[in-house]
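A.B. asks: Below are the chains, spelled out letter by letter.
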Amino acid sequence: MYAIEVNNLAKSYGRVQALDGVSFAVRRGELFGLIGPDGAGKTTLFRLLTTLLLPDGGEAKVDGLDVVKDYLAIRSRVGYMPGRFSLYPDLSVEENLGFFAALFGVGVEESYDLVEPIYKQIAPFRTRRAGKLSGGMKQKLALSCALIHRPSVLFLDEPTTGVDAVSRCEFWDMLAGLKQRGITILVSTPYMDEASRCDRIALCNEGHILGIDTPTGIVGQFRSPLYAIRSRRTFALLEAARRQQGVVQCYPFGESHHLVVDDTFDKEQFVRALSDFEDLHIEPATPTIEDVFIKLMKR
Amino acid sequence: MSDVVISVRELTKRFGDFTAVDRISFDVRRGEIFGFLGANGAGKTTAMRMLCGLSFPTSGSGTVAGYDVMREGEEIKRYIGYMSQRFSLYNDLTVWENINLFAGIYGLSKRETEQRAAELLERLNFSSERNALVGSLPLGWKQKLSFAIATIHRPEVVFLDEPTGGVDPMTRRQFWELIYEAADGGTTIFVTTHYMDEAEYCTRVSIMVDGRVQALDTPARLKQQFAAETMDEVFRTLARGAKRAE
Chain A
29 MYAIEVNNLA
39 KSYGRVQALD
49 GVSFAVRRGE
59 LFGLIGPDGA
69 GKTTLFRLLT
79 TLLLPDGGEA
89 KVDGLDVVKD
99 YLAIRSRVGY
109 MPGRFSLYPD
119 LSVEENLGFF
129 AALFGVGVEE
139 SYDLVEPIYK
149 QIAPFRTRRA
159 GKLSGGMKQK
169 LALSCALIHR
179 PSVLFLDEPT
189 TGVDAVSRCE
199 FWDMLAGLKQ
209 RGITILVSTP
219 YMDEASRCDR
229 IALCNEGHIL
239 GIDTPTGIVG
249 QFRSPLYAIR
259 SRRTFALLEA
269 ARRQQGVVQC
279 YPFGESHHLV
289 VDDTFDKEQF
299 VRALSDFEDL
309 HIEPATPTIE
319 DVFIKLMKR
Chain B
50 MSDVVISVRE
60 LTKRFGDFTA
70 VDRISFDVRR
80 GEIFGFLGAN
90 GAGKTTAMRM
100 LCGLSFPTSG
110 SGTVAGYDVM
120 REGEEIKRYI
130 GYMSQRFSLY
140 NDLTVWENIN
150 LFAGIYGLSK
160 RETEQRAAEL
170 LERLNFSSER
180 NALVGSLPLG
190 WKQKLSFAIA
200 TIHRPEVVFL
210 DEPTGGVDPM
220 TRRQFWELIY
230 EAADGGTTIF
240 VTTHYMDEAE
250 YCTRVSIMVD
260 GRVQALDTPA
270 RLKQQFAAET
280 MDEVFRTLAR
290 GAKRAE
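Protein chains in written order, with this note's numbering: chain A, 29 to 327; chain B, 50 to 295.
With the rest of the complex left out, here is chain A (with noise of 0.2 angstroms):
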């Protein structure tokens, strides 16, 4: 059985259309992410699934329950951490996990295990008002309330913007422990370099899903040809790159541009017709999650 099910979800907020139409099932146990940038649908999905939002099309079941009929049968059974800080800032960091636990009427020792490797490292603060906690901080706080009752699945949107690289990739680990414990998890996020660290992704754009795979099932989704070039004159090649023939596109990526190409291509003649640029360096690619984004935008 699936712990998600979304079929031809739709919502729009007077003209726009946040989600036209959307279609995934998320498996048990699944590490789940949905990768898009703002205004691609995430957050409107997660309310749905959350019960906070009446769909105006299609249908969604959590946990096997529908997310219209069964909304209160639902709202015991998942945990829920919104892309903006939630908790109460003026609560300590223990009363803060003692308020959630008391709503759900749990106690605290009862799910203590589950929360404890993320609880553990901000129990030295536990006296501290949450609204002063660092951004980390306050990640793993929110994380552990919505963690202490238990739920079977945990909907996190968008839980490493604005923190820095050491404390994403430890969130990062955290999800990876939950998961061990038979959590299904269903993580949303904007960067792209996130995406391997999920089982599978749905690539996410204005209220549509591109592609739905593992990380590196999406990336051999790409089979076009790819080169990164570079040179010191960095804007110069670009627009003189686009110019060649057999050039599809051209955009910036990082250190290099990517180059994608068709049959009509010839590198020998692409570096002979950009023989100003003395210091062209031309060498093939592999492609990446945002080159599969990119292409199938284009679409």
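It cannot be assumed that every hint is accurate.
[Stated by the list, open to error] Calculated cross-link-like contacts (lysine-lysine; reagent style DSS-like; alpha-carbon spacing at most 27 angstroms):
hint : chain 1 : residue 1 : chain 2 : residue 2
1    : A       : Lys160    : B       : Lys292
2    : A       : Lys166    : A       : Lys207
3    : A       : Lys148    : A       : Lys166
4    : A       : Lys295    : A       : Lys326
5    : A       : Lys166    : B       : Lys292
6    : B       : Lys191    : A       : Lys326
7    : A       : Lys148    : A       : Lys207
8    : B       : Lys292    : A       : Lys148
9    : B       : Lys191    : B       : Lys292
10   : B       : Lys292    : B       : Lys272
11   : B       : Lys191    : B       : Lys159
12   : A       : Lys207    : A       : Lys89
I should point out that these hints are in silico values taken from the structure, not numbers from a laboratory. Note that this is a predicted model, so its numbers are computed, not measured.
Please build the complex by placing chain B on the supplied structure of chain A, with the hints as guidance.
C.D. replies: The following block gives chain B in isolation, referenced to the frame of chain A:
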């Protein structure tokens, strides 16, 4: 004109007995895209505030666009551009009104404003959006407009504070193209970010740990030096040595 646009030596800022920025020294050359990285709490913001003329150093020395960071904060502000990660244009004003407002703040004449606004709108393909409310534009457009407005007075150097969060990969690349184009035209770019894939776009990158600049080089040489595949690995290796809590 000098080829060094930002030059600091032993720049230090103390708040009471806490040393937020601890004797940092570096030069940024004209037309460079200089990445300024550090974990939360490493001292990036404090350092950048000193470079923008918003805060005076406790000790050390430095110049930005030829002006002294110790004494000439007001002149510095006039010759730099600044774009913050938090969108800083006025949502309730139109595209043109925002341009006109910021051009006025930077002291451009009416004629200069008209001329640069036309160039800017043309360059961004925004001419048809001239009278649209900024609040109604997609995030990616707002970011491009913010950058264009931050450079409307042709500053020597523009400071970008985490400029490309939250947009799709294509829009993000269009934004980097604008940055490349500005750098190509001789504008110096100073970018702070804690997203390491952005660091890969920079000419050179400095990494701050506990108030000190711990590494400074091109992304390629940093990766080589730390035997790392990505800037993310370089950063994590350095930042894990931090003693200071966030």
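A.B. asks: Now tell me if each hint is right for this structure.
C.D. replies: Consistency of the hints with the structure:
Our distance criterion of 27 angstroms between C-alpha atoms is met by Lys160 (chain A) and Lys292 (chain B), whose separation comes to about 20 angstroms. Restraint check for Lys166 (chain A) and Lys207 (chain A): the C-alpha separation of about 21 angstroms stays at or below 27 angstroms, so the hint holds. The hinted pair formed by Lys148 (chain A) and Lys166 (chain A) meets the criterion: a straight-line CA distance of about 13 angstroms does not exceed 27 angstroms. Our distance criterion of 27 angstroms between C-alpha atoms is met by Lys295 (chain A) and Lys326 (chain A), whose separation comes to about 24 angstroms.
Only pairs whose Cα atoms come within 27 angstroms are accepted, and Lys166 (chain A) paired with Lys292 (chain B) is accepted, the gap being roughly 20 angstroms. Of the supplied pair hints, the one linking Lys191 (chain B) and Lys326 (chain A) holds, its CA atoms being roughly 21 angstroms apart against a limit of 27 angstroms. A distance of roughly 19 angstroms separates the Cα atoms of Lys148 (chain A) and Lys207 (chain A); the hinted pair therefore holds under the 27 angstroms criterion. As the CA atoms of Lys292 (chain B) and Lys148 (chain A) are separated by approximately 19 angstroms, the hinted pair is consistent with the 27 angstroms bound.
With a C-alpha separation of about 38 angstroms, the suggested pairing of Lys191 (chain B) with Lys292 (chain B) is violated against the 27 angstroms cut-off. At most 27 angstroms may separate the alpha-carbon atoms for a hinted pair to count; Lys292 (chain B) and Lys272 (chain B) meet this at roughly 23 angstroms. In summary, the hint linking Lys191 (chain B) to Lys159 (chain B) is supported, as the alpha carbons are separated by about 24 angstroms, within the 27 angstroms threshold. Of the supplied pair hints, the one linking Lys207 (chain A) and Lys89 (chain A) holds, its CA atoms being roughly 20 angstroms apart against a limit of 27 angstroms.
In this structure, the one hint that does not hold is number 9.
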